[in-house]
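Here is how the chains run, residue by residue.
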Amino acid sequence: MRTKNTILFSLISTFFLIFLISIWKILATLQGLSINSFNIEIIFIFGFLISLAHLVIGDRIKSIYKSIIFSSIFVFCDGYLIQKLPIWYNVGVFLILYFFTNKISKYTFIGLKEEHSTQVILFDFLTLFGILFFSFVILFPFYMMLVTSFKTQIALLVNPLDFSINFGQDIKDLFKSYFVIFKSYKFGKYIVISTIVSVGTVIITLLFAIPAAYAVARLNFFGKTFLSTSILIIYMFPAIVLVIPLYTIFSQLGLRNSIEGLLIVYTATTLPVAIYMLQGYFKSIPKELEEAAILDKLSWFGIITKIIIPLSIPAISSVALYVFMIAWNEFLFSLMFLDNPNSFTLSRAIQYLSGDAETPRQYLMAGSVVVTLPVLFIFVYFEKYLVSGLTAGSVKG
Amino acid sequence: MNDTLENTEKKTAYILTLPAVLLVFSIILFPIFANIWISFKEVELKDIRIPEPRAKKIVKSISNEPTKIKILYKLRNSSLIQEIRDVTFQDNFPKNFEIENLDPRCTYKKQNLKCEFRNWPAKYKENFQVIFATNDGSKIDKKKLKTIKPKLDGKSDNILLNTNFTLKNFKKVLFENEFVDLLLTTFYYTFFGTVGSIVFGILTAQMVNQKFYGRTFMRSVLLFPYVAPVVALAYTWELLLDPNSGTLNSLLLNYQIIETPINLLGQKYIEINILGFDFKLRLALTTVIMFEIWRYFPLAFLFILARLQAIPKELYEAADVDGASPFQKFFNITLPQITAVISILFMIRFIWNFNKFEDVFLLTGGASGTRTLPINVYQQGFAISDIGMGSAVSIVIVVLLLMFMFFYFKLLGKRVDEN
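From first to last, the protein sequence lines are chains A and B.
Residue 1090 in the working numbering sits at position 139 of the first sequence, with consecutive numbering throughout.
Residue 242 in the working numbering sits at position 38 of the second sequence, with consecutive numbering throughout.
These aren't lab readings, by the way, just hints derived from the structure by calculation.
Given the structure is predicted, the values throughout are model-derived calculations rather than measurements.
Treat the hints with care, as some may be off.
[Stated by the list, open to error] In the BS3-like style, the derived pairs of lysine-lysine whose C-alpha atoms are separated by at most 30 Å in a straight line are:
hint	chain 1	residue 1	chain 2	residue 2
1	A	1335	B	260
2	B	517	A	1054
3	A	955	B	533
4	B	517	A	1064
Can you build the whole structure from these sequences, using the hints too?
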């Protein structure tokens, strides 16, 4: 039992180490280092020996010294085997090994004897693995988007794996792609249009949604249940189904290629979500406040502006942020309704840019960074509001 | 007293909800009915532009006669396929103007030239010329004349409003050989995308539910793909997967894992040999599904995480006392607690994935075996410019969705009854 658990523990931890080192090697390769193999066999042997040695040595040496010793041995051997790599690469390997030996330091021979110990170890390492794996898989495309926008076409053709950024160069050269898209491709204008459309959608949606949500939350009227269920059903309905009729109607009314047309469609598609989210919050406001207001002879307009809105600022701001993000990210309708480059939104402009096969990829990526940054910034900054809103059953996508 | 109060409450409610309801109905519900109407018609993209009578006004001075002027109207029917009936024409002139050659179709009264041109067939063109002279001998200001624009009016059939119906579109959609393939592709895309995103959602939620350093940061990072704009993400993926100089292929070549680059988004099938059996995997479709899972598992993650955090700790403590292993805890406590969320997620994601257009459109444009029903709506309606066909495909989507919802709720209803 003990031997089996020991071997399993060493195997699991070794695979984890291999994973860590492989990710580091991929990232190093993308900085232009020529690393042509993962050397999995060698890392496997080292990892296995380190895990075993760790168990055998146990408490006899202080764990911090143990970690440093193991890491140094590994770095020395690894550096000796794969020569000519810069010092920062080896520092990285050392830190990874230090992290790894720290992680395994809590497992001992005694612990391995306990019931389910292998499952516990597997779970622990799977969690660690998952955290790193998902961080890598998710952040990698964003990282590549950012780095590509700072490269030049020629540099990428010479070595498609060298994404290192030369910070020594002139600011103008470094941000060249950004200067180009703003100067030659009118991205400044598209940012303005996108902002007008998104902020406009937020304002109109809130103007329509707050009274409607208040009525659904508080007042009794015929057709109330019908209204609240149809809101949910409409919310489920696909945008692609609306495209053709709206296109024909908008063409005949001359609303295509206009900001007004987009505003109407965006408002209509975000209204159901907004009403649904707001009415849930309005219901949680104590009724007594309104009853007092009615005694003071306040009209419904007064109740909404003087009581409901001030009390539900957090909910309203989270709805506003959501509607903003939906409108900013929207692509389908802007593709259908806009075909004049003078009225493009950012998303449509990037798609238009990519339609030309000659467009260098760094411009495309610079455009992508420009359209992504505001959304991610809003999301990270207001995360607390937004996450609770997300789970309230919102954001279509 | 009570009655009036109730009445005012009702009235207020209607006033408050009316703007929102009207807007949503006109932009969302009306188009769905309009779709049914259009799907039974033979309409093409070029037909939907309403034919207009147009006139271009050209002012020409006549040499040696400064008090006279020639005005040329280039008249035409803007439509190439439809006629315009009862075209009327009006233009105004300064007070001192007298007309020299009055066309029999026109009258000139009070400085107003009015003509009745009757019917203009499709592609109709005419150069219509009038000559004016000033009655007080003063010179003519050409610029001023140009600023006055003629008014034209006419009646035409709006092809969308007539009552010629046909079943041709549906016949074409349903009985062409491609339909089964289209359905299957859509089904694979929807089903595997949904299941994949839920599986990854469970894994990540389970992971973030444990305590570790940087957990809140991890939670926001996991949501990045969901909140970032599709356009940016799709193009980034396209660059990563590009066969010629894409990062993924370059990396794989660099580590000698593959010998020739793989065109992940442009190749329909790939032969895979597993245990001596040859499989044909739909490569581009699989890649597109991967993108979809990558982009939408955060939603599943959030829902499941919220549910996991609501599971009482006592359940796990009791299981610990009984000596349950981590896997037993997961399968016997966690999973049963999240089945309800999973079934809701399955429905939401299934419906939304079924209608997903942008992702596939931006990644492959529907090429190499990734044509789903929503892509087909676009291709029929705008690439082939057959609006009627596009509408018919939309109707098929709606019907399939309604069927799915019906069976889903029936099944779910039964399960609730059993419990």
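Right, here's what the structure says about each hint:
Distance check on the hinted pair: residue 1335/A and residue 260/B sit about 60 Å apart at the alpha-carbon level, beyond 30 Å; violated. Pair hint residue 517/B plus residue 1054/A holds up; C-alpha atoms about 26 Å apart against a cutoff of 30 Å. As the CA atoms of residue 955/A and residue 533/B are separated by approximately 23 Å, the hinted pair is consistent with the 30 Å bound. Taken as a hint, the residue 517/B and residue 1064/A pair is honoured in the structure, with Cα atoms around 26 Å apart against an allowance of 30 Å.
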